[in-house]
Amino acid sequence: SQTIHQWPATLVQPVGSPLSLECTVEGTSNPNLYWYRQAAGRGLQLLFYSVGIGQISSEVPQNLSASRPQDRQFILSSKKLLLSDSGFYLCAWSGLSTGELFFGEGSRLTVL
Amino acid sequence: RKEVEQDPGPFNVPEGATVAFNCTYSNSASQSFFWYRQDCRKEPKLLMSVYSSGNEDGRFTAQLNRASQYISLLIRDSKLSDSATYLCVVNNQAGTALIFGKGTTLSVSS
Numbered sequence: 001s002q003t004i005h006q007w008p009a010t011l012v013q014p015v016g017s018p019l020s021l022e023c024t025v026e027g028t029s030n031p032n033l034y035w036y037r038q039a040a041g042r043g044l045q046l047l048f049y050s051v052g053i054g055q056i057s058s059e060v061p062q063n064l065s066a067s068r069p070q071d072r073q074f075i076l077s078s079k080k081l082l083l084s085d086s087g088f089y090l091c092a093w094s095g096l097s098t099g100e101l102f103f104g105e106g107s108r109l110t111v112l
Numbered sequence: 001r002k003e004v005e006q007d008p009g010p011f012n013v014p015e016g017a018t019v020a021f022n023c024t025y026s027n028s029a030s031q032s033f034f035w036y037r038q039d040c041r042k043e044p045k046l047l048m049s050v051y052s053s054g055n056e057d058g059r060f061t062a063q064l065n066r067a068s069q070y071i072s073l074l075i076r077d078s079k080l081s082d083s084a085t086y087l088c089v090v091n092n093q094a095g096t097a098l099i100f101g102k103g104t105t106l107s108v109s110s
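Protein sequence lines correspond, in order, to chains A and B.
Following the numbering used here, the numbering of the first sequence begins with 1 at its first residue and continues without gaps.
Following the numbering used here, the numbering of the second sequence begins with 1 at its first residue and continues without gaps.
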């Protein structure tokens, strides 16, 4: 069966510090991978999606970046965090771009 | 117009009540529609897909009106465990990803 893991689950970072969130999927090959963010009191915002290794599409301009160094690995990064980067970050995978999404347990980021 | 809009809620209902959530979407070319459920501080999980002819899963019924670009979710005989946020989901303009509404919060009380 397929599983998705993301870490860390919780982190508190100062403004201006770097960020790295990692996500891996097991039990499937060539998945579509996604990063979403859910800010307090707001809906899920699609940040990045990837249909293959090295292929990243960005949905919104921001100081975040994503990379997919391996088929089942998706990384979300920032060189310098802003207060507005605080939120609940969710990695997800899908077998089809318009099919069901399976989410990881999320990473809760607080930028102080 | 936002890509996916939902009733703001919250909906506070007693056990056993019937409650309906509505959702509108802006992309007339959308082909994929879902309702997800999200518990507090947890990741969203698929509740049900929404098909053109409408579909039912136990106490849950989903309807799609393509002409009005409108989706609904009906919950019958509400249970305490139904308390959660319900997210309306539609595929994006490019057909490459899913776009989520902000969600409608349901609270079922005894």
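What the hints contain is simulated information worked out from the structure, not anything from laboratory work.
All residues carry an ideal CB built from backbone N, CA and C; glycine is no exception.
Don't take each hint at face value.
Okay, derived cross-link-like pairs now, DSSO-like style, lysine-lysine, Cα gap no bigger than 30 Å in a straight line [to be verified]:
#1 Lys80(A) <-> Lys42(B)
#2 Lys79(A) <-> Lys42(B)
#3 Lys79(B) <-> Lys45(B)
#4 Lys2(B) <-> Lys45(B)
#5 Lys102(B) <-> Lys79(A)
With the Cβ distance kept under 7 Å, some of the chain B side facing chain A (calculated, not the full set) [said to hold, decoys possible]:
#6 Pro44
#7 Leu47
#8 Glu56
Would you check whether Leu47(B) satisfies its interface hint, that is, whether its CB is within less than 7 Å of any CB in chain A? Violated, because the Cβ-Cβ distance from Leu47(B) to chain A comes to roughly 11 Å (cut-off 7 Å).
For the pair supplied as a hint, Lys102(B) and Lys79(A), is the alpha-carbon distance within the 30 Å limit? Roughly 29 Å between the alpha carbons, so the hint for Lys102(B) and Lys79(A) holds.
Taking only the CA atoms, is the gap from Lys2(B) to Lys45(B) under or equal to 30 Å? 23 Å, holds
Taken at face value, is the distance from the CA of Lys42(B) to the CA of Lys80(A) at most 30 Å? 27 Å, holds
Interface hint outcome for Pro44(B) [beta carbon to chain A under 7 Å]: 6 Å, holds
Hinted pair, alpha-carbon criterion (30 Å max): Lys79(A), Lys42(B). Please report holds or violated. Answer holds: Lys79(A) to Lys42(B) is near 27 Å, not above 30 Å.
Given the proposed pairing of Lys79(B) with Lys45(B), does the C-alpha separation stay at or below 30 Å? 18 Å, holds
Close enough to count: is the Cβ of Glu56(B) nearer than 7 Å to one in chain A? Given a least distance of 18 Å, the restraint on Glu56(B) is violated.
In summary, the structure is inconsistent with hints 7 and 8 from the numbered list given earlier, while agreeing with the others.
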